[in-house]
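Protein chains: 2
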Amino acid sequence: MTPQTSTHTAINWDAFATELGDIETIRDPIQVAKLSKDYYYFSPILKTALDDKTGDLVVRPKTEAEVLQVARACVANRVPLTVRGAGTGNYGQAIPLEGGVILDLTAMNAVKWVKPGLACVEPGARLAAIDRITRPQGWEIRMAPSTYRTATIGGFIAGGSGGIGSVRYGQLRDRGNLHALRVVTLEDEPRVIELRGDAVQQVNHAYGTNGIITELEIPLGAAYPWAEVIVTFEDFMTASRFGQRLGSSDGIISKLISVHAWPIPSYFAALQTALPAEQSAVLLIVSESCLEPLGELVKEFGGTITAEKGAADSKGSALGEFTWNHTTLHARNVDPSLTYLQTLFPYDPELKLLEEMYHHFGNEVMMHLEFLRVQGNIVPAGLQLVRFSTPERLDEIIRYHEDRGAFIANPHTCILEDGGRKRVDRGQLAFKAKVDPYGLMNPGKMRGWMEGSE
Amino acid sequence: MTPQTSTHTAINWDAFATELGDIETIRDPIQVAKLSKDYYYFSPILKTALDDKTGDLVVRPKTEAEVLQVARACVANRVPLTVRGAGTGNYGQAIPLEGGVILDLTAMNAVKWVKPGLACVEPGARLAAIDRITRPQGWEIRMAPSTYRTATIGGFIAGGSGGIGSVRYGQLRDRGNLHALRVVTLEDEPRVIELRGDAVQQVNHAYGTNGIITELEIPLGAAYPWAEVIVTFEDFMTASRFGQRLGSSDGIISKLISVHAWPIPSYFAALQTALPAEQSAVLLIVSESCLEPLGELVKEFGGTITAEKGAADSKGSALGEFTWNHTTLHARNVDPSLTYLQTLFPYDPELKLLEEMYHHFGNEVMMHLEFLRVQGNIVPAGLQLVRFSTPERLDEIIRYHEDRGAFIANPHTCILEDGGRKRVDRGQLAFKAKVDPYGLMNPGKMRGWMEGSE
Ligand SMILES: Cc1cc2nc3c(=O)[nH]c(=O)nc-3n(C[C@H](O)[C@H](O)[C@H](O)COP(=O)(O)OP(=O)(O)OC[C@H]3O[C@@H](n4cnc5c(N)ncnc54)[C@H](O)[C@@H]3O)c2cc1C
Ligand SMILES: Cc1cc2nc3c(=O)[nH]c(=O)nc-3n(C[C@H](O)[C@H](O)[C@H](O)COP(=O)(O)OP(=O)(O)OC[C@H]3O[C@@H](n4cnc5c(N)ncnc54)[C@H](O)[C@@H]3O)c2cc1C
Numbered sequence: 001m002t003p004q005t006s007t008h009t010a011i012n013w014d015a016f017a018t019e020l021g022d023i024e025t026i027r028d029p030i031q032v033a034k035l036s037k038d039y040y041y042f043s044p045i046l047k048t049a050l051d052d053k054t055g056d057l058v059v060r061p062k063t064e065a066e067v068l069q070v071a072r073a074c075v076a077n078r079v080p081l082t083v084r085g086a087g088t089g090n091y092g093q094a095i096p097l098e099g100g101v102i103l104d105l106t107a108m109n110a111v112k113w114v115k116p117g118l119a120c121v122e123p124g125a126r127l128a129a130i131d132r133i134t135r136p137q138g139w140e141i142r143m144a145p146s147t148y149r150t151a152t153i154g155g156f157i158a159g160g161s162g163g164i165g166s167v168r169y170g171q172l173r174d175r176g177n178l179h180a181l182r183v184v185t186l187e188d189e190p191r192v193i194e195l196r197g198d199a200v201q202q203v204n205h206a207y208g209t210n211g212i213i214t215e216l217e218i219p220l221g222a223a224y225p226w227a228e229v230i231v232t233f234e235d236f237m238t239a240s241r242f243g244q245r246l247g248s249s250d251g252i253i254s255k256l257i258s259v260h261a262w263p264i265p266s267y268f269a270a271l272q273t274a275l276p277a278e279q280s281a282v283l284l285i286v287s288e289s290c291l292e293p294l295g296e297l298v299k300e301f302g303g304t305i306t307a308e309k310g311a312a313d314s315k316g317s318a319l320g321e322f323t324w325n326h327t328t329l330h331a332r333n334v335d336p337s338l339t340y341l342q343t344l345f346p347y348d349p350e351l352k353l354l355e356e357m358y359h360h361f362g363n364e365v366m367m368h369l370e371f372l373r374v375q376g377n378i379v380p381a382g383l384q385l386v387r388f389s390t391p392e393r394l395d396e397i398i399r400y401h402e403d404r405g406a407f408i409a410n411p412h413t414c415i416l417e418d419g420g421r422k423r424v425d426r427g428q429l430a431f432k433a434k435v436d437p438y439g440l441m442n443p444g445k446m447r448g449w450m451e452g453s454e
Numbered sequence: 001m002t003p004q005t006s007t008h009t010a011i012n013w014d015a016f017a018t019e020l021g022d023i024e025t026i027r028d029p030i031q032v033a034k035l036s037k038d039y040y041y042f043s044p045i046l047k048t049a050l051d052d053k054t055g056d057l058v059v060r061p062k063t064e065a066e067v068l069q070v071a072r073a074c075v076a077n078r079v080p081l082t083v084r085g086a087g088t089g090n091y092g093q094a095i096p097l098e099g100g101v102i103l104d105l106t107a108m109n110a111v112k113w114v115k116p117g118l119a120c121v122e123p124g125a126r127l128a129a130i131d132r133i134t135r136p137q138g139w140e141i142r143m144a145p146s147t148y149r150t151a152t153i154g155g156f157i158a159g160g161s162g163g164i165g166s167v168r169y170g171q172l173r174d175r176g177n178l179h180a181l182r183v184v185t186l187e188d189e190p191r192v193i194e195l196r197g198d199a200v201q202q203v204n205h206a207y208g209t210n211g212i213i214t215e216l217e218i219p220l221g222a223a224y225p226w227a228e229v230i231v232t233f234e235d236f237m238t239a240s241r242f243g244q245r246l247g248s249s250d251g252i253i254s255k256l257i258s259v260h261a262w263p264i265p266s267y268f269a270a271l272q273t274a275l276p277a278e279q280s281a282v283l284l285i286v287s288e289s290c291l292e293p294l295g296e297l298v299k300e301f302g303g304t305i306t307a308e309k310g311a312a313d314s315k316g317s318a319l320g321e322f323t324w325n326h327t328t329l330h331a332r333n334v335d336p337s338l339t340y341l342q343t344l345f346p347y348d349p350e351l352k353l354l355e356e357m358y359h360h361f362g363n364e365v366m367m368h369l370e371f372l373r374v375q376g377n378i379v380p381a382g383l384q385l386v387r388f389s390t391p392e393r394l395d396e397i398i399r400y401h402e403d404r405g406a407f408i409a410n411p412h413t414c415i416l417e418d419g420g421r422k423r424v425d426r427g428q429l430a431f432k433a434k435v436d437p438y439g440l441m442n443p444g445k446m447r448g449w450m451e452g453s454e
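One line per chain: the protein sequences are D and A, in this order. Those letters in the first sequence? Residues 1 to 454, per the UniProt record's numbering, in order. Those letters in the second sequence? Residues 1 to 454, per the UniProt record's numbering, in order.
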């Protein structure tokens with residue numbers, strides 16, 4: 001099969017919108033431009049590359065039948081289609097490189113059913129909205145990005161990787177963290193395919209390049225009564241070792257272990273009373289029932305608990321919104337020249353490579369860690385804040401890490417394989433060849449496809 | 001302080017019982033002999049050593065006040081006191097070496113309160129009885145021995161180590177798996193001491209040598225809808241590798257991963273239809289919501305699911321009662337000459353030492369593994385079945401393991417430090433010196449104390 005390039009430049013968009021009948025469409029250029037963007041500007045590289053990209057028409061279907069209708073219209077007219085959830089991705093995943101239709105799925109947001117440990121949802125359901133329905137039954141989504149309040153489940157699966165909860169359940173890619181998908185194809189006659197079991201990996205984290213997800217079956221975790229705690233330490237490595245030990249403490253139920261070297265805590269305006277100058281801070285979400293043993297562990301490491309909020313107390317800022325990429329957001333609010341890295345350190349309870357990197361880069365790369373579970377082991381992921389100078393220096397920093405065994409998921413590219421994956425996923429590529437023969441879906445994002453069509 | 005030896009041989013037991021007023025006592029020798037024993041006979045060594053040991057009087061208090069009264073009488077008369085729960089220990093922990101009072105706590109069995117993730121219980125509460133109260137609220141005890149239906153929580157804490165659930169929450173000794181204890185002392189004026197936080201370790205797993213536990217605050221885990229599954233494999237090492245991978249699969253919620261080399265499955269009479277000849281078997285308890293991804297993992301390892309029971313289906317044998325030391329029980333029912341080992345293998349996802357041991361001993365040491373979490377890592381514990389020949393050969397087998405880095409918790413001794421601990425616990429010893437100055441509690445079980453009194 002020879003993938004074809006789309007030829008949509010001559011499209012009459014008003015006629016196209018009319019063709020879609022009752023389906024909601026948006027043609028207002030300001031709105032369309034807004035709905036063509038995400039948080040790509042966290043990266044100075046992507047900012048330059050993607051600033052002028054925009055779609056032509058936003059379409060907002062309410063049902064799978066409407067999605068099928070849009071798919072049919074796009075195929076018939078050979079029009080590119082880029083799916084959009086809340087548009088909170090960091091790598092320009094949702095930005096259309098070749099214009100065309102932005103398929104906004106936020107109106108397809110039903111929670112269809114909840115069983116013990118499982119839920120069936122539509123892709124546009126916001127993560128926090130899912131929890132609002134499942135929590136009273138004792139369940140919650142297993143992991144969430146810090147954009148939890150706005151992000152959609154479809155966008156999280158198609159464009160995210162993990163987050164708050166990953167210290168218990170690993171990452172989205174791990175077997176068991178996604179049960180089933182319904183996907184609308186862009187074949188000559190678009191149809192719905194159901195994927196279950198390992199087959200979901202064909203579409204999981206594919207940036208919407210090979211199918212429109214219209215329904216998801218996701219596993220749920222037990223909803224513990226979560227408490228939020230801030231612990232501070234004189235030095236960063238002690239804070240990190242505390243994080244590593246807490247993650248490995250089988251008797252203490254943690255959901256978030258987020259470590260911040262000074263001066264990162266100084267960027268968290270709303271938390272200042274709990275963040276003494278010069279101290280490294282650890283932001284935690286743990287089961288309220290585990291606060292007592294947590295206190296003993298803090299004592300063992302010589303830390304200080306500076307803030308504690310019980311599960312019933314909803315006053316104040318949600319601590320999760322200072323972690324994961326919200327850390328970057330707060331830092332950039334203070335200093336917009338900052339950018340970031342995404343690093344997975346190898347499993348090592350002694351954290352030797354982390355320590356070396358910390359000392360090597362000093363103030364140029366400020367350490368921000370999120371602990372997570374990788375194949376059963378507790379490992380720190382770095383979302384370090386980088387004082388950006390030039391693209392060349394950024395590459396140098398990345399290479400320095402990679403040469404020493406730290407894995408970098410480059411957040412400065414919008415191409416799937418150049419980010420976290422590193423190599424072409426044959427399964428995803430083959431699935432694209434089947435369901436998107438004309439290469440209309442989010443064109444320019446899957447390297448394997450582009451190379452095949454060269 | 002010089003510990004004293006008790007001198008109770010001249011006690012008039014009828015008068016002693018009368019002194020206790022309304023508190024229930026048992027003097028019938030057959031009953032007393034029965035209530036002086038546990039499952040020590042799993043070990044041919046302990047069987048010889050402990051067969052003739054018996055208490056003089058069983059006392060069964062209903063309240064902490066009654067416990068204090070018994071403590072007072074024992075101290076006044078310098079009478080040894082051995083606490084007893086259900087008497088299901090395997091090492092003769094509950095067998096009085098110097099006679100005296102058997103303090104049976106099974107009548108103190110209230111569940112005092114349940115909060116999300118925590119419960120407060122009396123020591124004589126049976127583990128299954130606690131779950132019956134907490135489960136409807138979404139919670140359950142985190143880990144349980146396979147004697148779950150009969151064993152008491154006091155006996156589990158004082159004499160056990162872990163079990164079904166340890167693959168999630170680690171062992172009882174891990175920080176966070178025991179929150180608080182109330183303990184009655186055997187001082188001149190017995191009193192109640194409350195221990196919280198790390199201080200509980202002074203009494204945790206001390207075989208009732210340094211205080212009578214009268215109340216416990218224990219953490220609870222989330223009650224998933226547990227399903228039971230049997231998977232069989234052509235060869236034992238594939239079964240073991242499957243177990244290791246399942247334990248490390250962060251997206252699949254497991255509660256029990258129990259691996260049995262052939263011919264062990266042949267000892268499980270009630271499960272024969274699901275256990276084909278010559279196959280190694282893996283007995284599993286996993287969240288019902290995870291059966292689908294589990295099926296994919298089984299496929300990857302070339303296993304066969306031969307039985308599956310949903311959470312709502314209570315027909316048939318509870319699978320847990322073929323695991324942990326119930327494996328030994330079933331094997332000994334068929335061949336009473338069998339005994340067992342308790343081995344903790346070092347953390348190694350490749351299972352190299354396990355493989356070496358498996359091939360080295362062949363049929364003399366049959367492999368039975370229980371996977372558990374140790375400091376965050378998934379590790380197999382061996383409860384190998386040993387074809388017993390002589391005590392010398394048993395020692396040789398143990399030394400062969402230890403010399404190669406496998407840790408043996410010797411189940412052929414009733415002395416605390418000679419079993420799993422290996423060294424005197426200074427904290428427990430100091431606590432004993434304080435609360436049991438006359439050395440009346442379960443005498444002969446704590447080596448540190450005996451050496452101090454030589
Ligand atoms: C401050 C901040 C913090 C963040 N923290 C995290 C974090 O902790 N962890 C994390 O993983 N990410 C994080 N992100 C990235 C992002 O917020 C999440 O991945 C989020 O889940 C994306 O959801 P969305 O609805 O915004 O998706 P979008 O940005 O709208 O889409 C993401 C990708 O998925 C595709 N897509 C969306 N819906 C569908 C569908 N139904 N079918 C097929 N393809 C689809 C889009 O085309 C796009 O390629 C963060 C971002 C920011 C700005
Ligand atoms: C078939 C079989 C399977 C088993 N499987 C496991 C297993 O998976 N994991 C495991 O850990 N164990 C296991 N065991 C051992 C034992 O069943 C458990 O440890 C059980 O929890 C002990 O509880 P019990 O009430 O029977 O205690 P008992 O045997 O009555 O007492 C155990 C010890 O605790 C002391 N004690 C009891 N109550 C108190 C108290 N209130 N205060 C102070 N001291 C006290 C006793 O003096 C004794 O030293 C198994 C045993 C058998 C026979």
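No wet-lab data here; the hints were simulated from the structure. Do not take every clue at face value.
Stated by the list, open to error - Simulated pairs of lysine to any residue, SDA-like, Cα-Cα distance not exceeding 20 Å:
1. K299/D with K62/A
2. K352/D with A406/D
3. K299/D with R173/A
4. K47/A with D418/A
5. K422/A with P346/A
6. K309/D with L291/D
7. K115/D with Q137/A
8. K299/A with A199/D
9. K434/A with R182/A
10. K115/D with L291/A
11. K115/A with K115/D
12. K299/D with A312/A
13. K115/A with A223/D
14. K299/A with A223/D
15. K299/D with R196/A
16. K62/A with I23/A
17. K299/D with G427/A
18. K309/D with E296/D
19. K112/D with P190/D
20. K62/A with T106/A
21. K299/A with G197/D
22. K299/A with Q375/D
23. K115/D with R173/A
24. K115/A with A406/D
25. K299/D with W13/A
26. K115/D with L97/D
27. K115/D with A318/A
28. K115/A with G310/D
29. K115/A with P136/D
30. K299/A with P136/D
31. K115/D with K434/A
32. K34/A with K112/A
33. K34/A with E19/A
34. K115/D with G138/A
35. K112/A with L97/A
Now for the hints, and whether the structure bears them out:
1. K299/D with K62/A: Violated, at roughly 38 Å.
2. K352/D with A406/D: Holds, at roughly 11 Å.
3. K299/D with R173/A: holds, 18 Å
4. K47/A with D418/A: holds, 17 Å
5. K422/A with P346/A: holds, 17 Å
6. K309/D with L291/D: holds, 10 Å
7. K115/D with Q137/A: holds, 16 Å
8. K299/A with A199/D: Roughly 13 Å between the alpha carbons, so the hint for K299/A and A199/D holds.
9. K434/A with R182/A: Distance ~15 Å between K434/A and R182/A Cα, so the pair holds.
10. K115/D with L291/A: Holds. K115/D to L291/A sits at ~14 Å (cutoff 20 Å).
11. K115/A with K115/D: Judged against 20 Å, a Cα distance of about 23 Å means the pair is violated.
12. K299/D with A312/A: The hint is violated at about 44 Å.
13. K115/A with A223/D: holds, 14 Å
14. K299/A with A223/D: Violated: K299/A and A223/D sit about 31 Å apart, past 20 Å.
15. K299/D with R196/A: holds, 14 Å
16. K62/A with I23/A: The given pair, whose Cα atoms are some 8 Å apart, holds under the 20 Å limit.
17. K299/D with G427/A: holds, 18 Å
18. K309/D with E296/D: holds, 17 Å
19. K112/D with P190/D: Since the Cα atoms of K112/D and P190/D sit roughly 23 Å apart, the hinted pair is violated (cutoff 20 Å).
20. K62/A with T106/A: Measuring from Cα to Cα gives roughly 8 Å; hence the hint holds.
21. K299/A with G197/D: holds, 11 Å
22. K299/A with Q375/D: holds, 18 Å
23. K115/D with R173/A: violated, 34 Å
24. K115/A with A406/D: Violated: K115/A and A406/D sit about 43 Å apart, past 20 Å.
25. K299/D with W13/A: It is violated: about 49 Å lies between the C-alpha atoms, which goes past 20 Å.
26. K115/D with L97/D: The given pair, whose Cα atoms are some 40 Å apart, is violated under the 20 Å limit.
27. K115/D with A318/A: violated, 24 Å
28. K115/A with G310/D: holds, 14 Å
29. K115/A with P136/D: holds, 16 Å
30. K299/A with P136/D: violated, 35 Å
31. K115/D with K434/A: violated, 53 Å
32. K34/A with K112/A: Violated, because 30 Å separates the two Cα atoms, which is more than 20 Å.
33. K34/A with E19/A: Given that 20 Å is the threshold and the Cα spacing comes to 24 Å, the pair is violated.
34. K115/D with G138/A: With Cα atoms ~14 Å apart, K115/D and G138/A stay inside 20 Å; holds.
35. K112/A with L97/A: violated, 33 Å
Comparing the model with each earlier hint shows violations of hints 1, 11, 12, 14, 19, 23, 24, 25, 26, 27, 30, 31, 32, 33, 35; every other hint is respected.
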